[in-house]
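2 protein chains.
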Amino acid sequence: MPPRPVFYISDRTGITVETLGHSLLSQFESLAYTETIVPFVDNDEKLEACIVRIEAAAQASGQRPLLFVTLVNREHQARLAACDALMVDFFRTFLGVLENELEISPGQRMGHTHGVRDPGQYDARMDTLNYALRTDDGSGAQQYDSADLIIVGVSRSGKTPTCLYLALQFGIRAANYPITEEDLEHLRLPPTLVSHRSRLFGLLIDADRLHRIRSQRLPDSRYASLAQCRYELRQLQALFQREGIPWLDSTSMSVEEIATGILHASGRRR
Amino acid sequence: MPPRPVFYISDRTGITVETLGHSLLSQFESLAYTETIVPFVDNDEKLEACIVRIEAAAQASGQRPLLFVTLVNREHQARLAACDALMVDFFRTFLGVLENELEISPGQRMGHTHGVRDPGQYDARMDTLNYALRTDDGSGAQQYDSADLIIVGVSRSGKTPTCLYLALQFGIRAANYPITEEDLEHLRLPPTLVSHRSRLFGLLIDADRLHRIRSQRLPDSRYASLAQCRYELRQLQALFQREGIPWLDSTSMSVEEIATGILHASGRRR
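Top line first, the protein sequences correspond to chains A and B.
With numbering that gives the first Met the number 0 applied, the first sequence corresponds to residues 0 to 269, in that order.
With numbering that gives the first Met the number 0 applied, the second sequence corresponds to residues 0 to 269, in that order.
Just so you know, these hints were derived from the structure itself, not from any lab.
What you are looking at is a predicted structure, and each value in this text was computed from that prediction instead of being measured.
Positions of the beta carbon are idealized from the N, C-alpha and C atoms, including for glycine.
Keep in mind that the hints are not guaranteed to be accurate.
Said to hold, decoys possible - Looking from chain A toward chain B, a few residues come up when the C-beta cut is under 7 Å (computed): (1) Thr15; (2) Gln26; (3) Glu28; (4) Thr33; (5) Thr35; (6) Met86; (7) Glu102; (8) Gly106; (9) Leu128; (10) Leu232; (11) Thr259.
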């Protein structure tokens, strides 16, 4: 059987509808499908062009397409619903339910899901991102007083992407600081961090995984050896325990999960 | 009337369910509500703790809570559905519809929405992020041969966040290069970029907005003056046109929208 055509259709970026569609489809492991993302469908021409693609895919595959849709425009929803396809409409399905519950009529604003609600918010996010870049890998410690969080861990444990994601997604001012072998040997907090203890959050990672990551950078080095990775991580965990620093193990987590997990565990508002 | 309690409940990060809930609620402009995000609800204890919070919020506000939910566990879905609250369940609502259409029974895997599907994919994303950091603001030009995209624009037009987001969200290797005043005066492409013309993508921005952004950095400078911003942007647009470089205007767009818009306009796969 040829793969089923799947379309993710949005009047904005399509990031949310794609994520949600993936999540639903991941429940049907044996399903073979091809994916097409159609973002920015915000006028009649783009909608008609999208319908042409849907019909062509149906014809070529001989299979009824699946449409995952977040469109605010009701005429556009209706046009798509009239296609010979299964439509999963994340907005239309629930707006009526909410309208009944809230006893308010919904407006029809284009989804501001990932839009700039106000420039001040955008500027604030750029400010947090610049902060993360300035305070990456132990730099800019004189700016730690304004940090929401300081992420600590050994080299290559995922500190930088975590901080950038915390800034971009959540507007959190997150610095990061590498714990060196010397600090680990003496099981001591680097002096720079002592007065910022309450902002610290630790990252641990499985030694095998760290060994593989470091080996890509410096193969066959002492730095990348499994023994060295094990030693550093064991000492680091002991240090976190001794100093009462909260931490999480990032081994099987994506950047989104690490960032969300840190906010959740540290009680920071997102 | 006290604000309505709104809960976003997920067995993973809650990023998707919060985005979608926001989008739906933004259609009801006059609604006053308080928001609580409850991520990582992946066992019975966490679910029961979440229900306690929902009931407390209902009692305190005297209002029926709204629950936006993405939980894979069906017993957990059912427990929540039994609360005295309006539940918008993005998974359960559509799984039955999909099951009928596909004639496959769904599994019950925890949502891998933002999880690490395989470590290879995670490594690839870290690799693209490191690439973006190494090739930020004109650095690392000797690595341009492996760029998917090189974002060009004037200072403070949003190149860096765009590249980081392209890397983190889409695994795209994006470098960025600042076009200087001297290049703009001569309406010429910087020599470094000439052999990479097909990878270039331009960013424009409204002159007033650029003036405000630059003024935060260097108030009352020639660099930040409205006249200078206007001049640079006019010349830049002329350069893009002359060299056939695709571009978009990022003024009223969020980082997500800029990144998605670039992929869409340049035909790059996400």
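* Asked: Okay, which hints does this one fail, numbers in order?
  -> 4, 5, 6, 7 and 10
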